[in-house]
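Line order of the protein sequences matches chains A and B.
Note that my numbering has the first sequence beginning at 888, numbered continuously upward.
Note that my numbering has the second sequence beginning at 888, numbered continuously upward.
No wet-lab data here; the hints were simulated from the structure.
Remember, it's a predicted structure, so these values are computed and weren't measured experimentally.
Be careful, since some hints might not be right.
As the list makes no split between identical chains, a pair holds if one copy fits it or if it spans any two.
The list that follows gives simulated cross-link-like pairs (lysine-lysine, DSS-like), each with its CA atoms no further than 27 Å apart [as the list claims (entries may be wrong)]:
id : residue 1 : residue 2
1  : 965       : 1002
2  : 1163      : 1135
3  : 965       : 906
4  : 1062      : 992
5  : 1002      : 987
6  : 1002      : 909
7  : 1163      : 951
8  : 1002      : 1135
9  : 1065      : 987
10 : 906       : 987
2 protein chains.
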Amino acid sequence: MYLLNQKSTVEAQAIQAKKAGKVLSLLSTEDKNHALYTLAQSLEMEFEFILSANEKDLQAGREKGFNEAYMDRLALTKMRIFEFSDGLRQVAELDDPTGKILLSKTLENGLEVSKISVPLGVIGMIYEARPNVTVDATGLALKSGNAIILKGGSSAINSNRAIVEVMHRSLSDTKIPKETVQFIDSTNRETSQQLFTMREHIDVLIPRGGSSLIHEVVSNASVPVLETGVGNCHLYIDSEADGAMALKILLNAKTDRPAVCNAIETVIVHQDWLKKHKTDLIHTLVQNNINVHGDEHTLAEIPSAALADEQDWANEYLNLNIAMKVVQHVDEAIEHIECYGTKHSEAIITENGETAAHFMQRVDAAALYHNASTRFTDGGALGFGAEIGISTQKLHARGPMGLEALTTVKYIMTGNGQIR
Amino acid sequence: MYLLNQKSTVEAQAIQAKKAGKVLSLLSTEDKNHALYTLAQSLEMEFEFILSANEKDLQAGREKGFNEAYMDRLALTKMRIFEFSDGLRQVAELDDPTGKILLSKTLENGLEVSKISVPLGVIGMIYEARPNVTVDATGLALKSGNAIILKGGSSAINSNRAIVEVMHRSLSDTKIPKETVQFIDSTNRETSQQLFTMREHIDVLIPRGGSSLIHEVVSNASVPVLETGVGNCHLYIDSEADGAMALKILLNAKTDRPAVCNAIETVIVHQDWLKKHKTDLIHTLVQNNINVHGDEHTLAEIPSAALADEQDWANEYLNLNIAMKVVQHVDEAIEHIECYGTKHSEAIITENGETAAHFMQRVDAAALYHNASTRFTDGGALGFGAEIGISTQKLHARGPMGLEALTTVKYIMTGNGQIR
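Make the full structure from the sequences, and use the hints.
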């Protein structure tokens, strides 16, 4: 009985979202921007209320013994709240992605054809620890004219509830109905699963988090999914790579923020380069506490490395471990990436333009780098404005997804009695 | 044991397709076009071989007592073969959708960013009776640099096998590896189901056929799906609709080709218009053998009509039956469409521009018509070139899908040592 009621609740919320989304979709850009500024101000004014809710989550997290990286993702500070609030203002400054005329022509029979960008409708956002996603995703959804259903991780439930409470109060002072933002106030796994199949009410699901969350959604949802972010990224250092550049990029791509999806997990090194730069490479790795798990060729050169197994090649470490493979040809690197890569970001360091072009053409991934760090795969860093996630799928949107990824199109045909 | 072997066969074919697709993806536009012209010529030269295989399917179909419309979809003639062969030449004439630079910019740090269209990879096409889909889909796939796995309906197996045999022989004279075109030579349902979950080898599934086929694929596939074509389309005749225009469009949209997805299934009539034009409407319906299933208001005006039930509103007739509802306001029509429409094509007939704009803004569908027939929702009719299907989903592609829908993008970043 409890489950039945809860199912009805989630479905009722989805229906509310759809209805409110229709009102939102008819609002002007100015009305939407005004609402975003209002939201930003409210979140800043009520930062203490949000922080005290966050403290409950942190307390529970400490009791559960979550690791440091996890606690860091969960933790809010006044500065973090002001950062995500300000993110709403930045979204307000971006172009409205809806109402754009993408095509306009008149057929020989006089029928006028136009293709116009419109909101998707209702977005289901399923995410993990970070409470800032609650605000980031809401801002992008509202700006693009979409309602949003938020299902955050159970460890952040108090923070998320407080943030949504502030946003709901704040939306009452705007033209956007507060029902456009629905919060699944439950730590129950079944409530997310209910979202998976609500094809009638939800237009797209966006899972954002670790690989097991994304796998669960992709495998079980009949609602279309925008798959984000598992990044088993590789850096290939070619025989003709500049030594200093290769080491600088390796260090940045591995250590700048090891826990994010655009960090590298494996370095593939050409044997000729390795012979020449072994001492510097080992020095760089040791100095920066990077632990190597290598193939046999690696171990022959770096005896302190552990022997890599299948898991080392296949999984994201998200920490200062790195897998290392030695190859004799760029094609071996390409084959390894094809086998283990997640089509996120892959890089080659080489001074040889032809080798780089060969790599770019043959590697199948959202983002490919020649002589630059994979860390740039990010809507902000690439100058695309805010992002709702990084797509590792091929349909609809690939790579960093901004406002445009939250729209679809309508073909509008105007005639004066045309028949076929 | 048998099933195990068959699974291996389908998987082996998918792996072959992926490998061959990589070779195809590197070919020039000229090489791909040359192959399409070669295929067209071969199919025309071997039309008798194809016709004799088709005769076996027709014979089996007659024995199974398939209805006339089904047999018509299955039947090939010399003319039909020449039509689909010529379709390949038309595809050759279209722009290559791959290798297009969709964005190109240099960031402040000097990193050059470009976004380039590339093939999806491997397309799984699951379809029903029409053997022409075998050729149409192959042509679009090859032109866009994709390998294709063809799983046609069991009733057309002999025709499809013969067509693929001719195409395979013909591809040996071109640079496109024949392994880019894989034919699942089985009438076994399980072989299509095996395609549903091969996420590693297949990039997209395109089901094309009746609603039960599409439903099966959408509900069970973990491979991304491009959903096509169930069209429960409506025509709304407003109080301010021109009488003659409304009747002309009603007739065309219902009777021109009742079995296709862009034909209308329901007419929604404003009561004021009905009062004025009742005699002409009844005359038109009777003269053209259109059977009406109406709501109570309809029955009050047209006593010969049958009473419509839930099925009449929800399902495609695909024949000369039509459902009819009488309303007092355009919003009632919009609500009905929202409840029963499949987001394919919806039309309004009115002389009032504001009412039309209201309808266009609020109805959620791929194609919306003001004073024109829904029959124009078709890549050819709208001048978009060939189409692989009409998308009724919102992600990736909506409405008629041409070559562009078979591509994705790569971001290519070129630097000189940039790090974050």
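Hints and how they fare:
no., hint, in the structure
1, 965 with 1002, "neither (44 Å within a copy, 37 Å between copies)"
2, 1163 with 1135, "within (16 Å within a copy, 80 Å between copies)"
3, 965 with 906, "neither (35 Å within a copy, 53 Å between copies)"
4, 1062 with 992, "neither (34 Å within a copy, 37 Å between copies)"
5, 1002 with 987, "both (8 Å within a copy, 20 Å between copies)"
6, 1002 with 909, "within (19 Å within a copy, 33 Å between copies)"
7, 1163 with 951, "neither (48 Å within a copy, 74 Å between copies)"
8, 1002 with 1135, "between (46 Å within a copy, 26 Å between copies)"
9, 1065 with 987, "within (26 Å within a copy, 42 Å between copies)"
10, 906 with 987, "within (23 Å within a copy, 39 Å between copies)"
Checked against the numbered hints listed earlier, the structure breaks hints 1, 3, 4 and 7; every other hint is satisfied.
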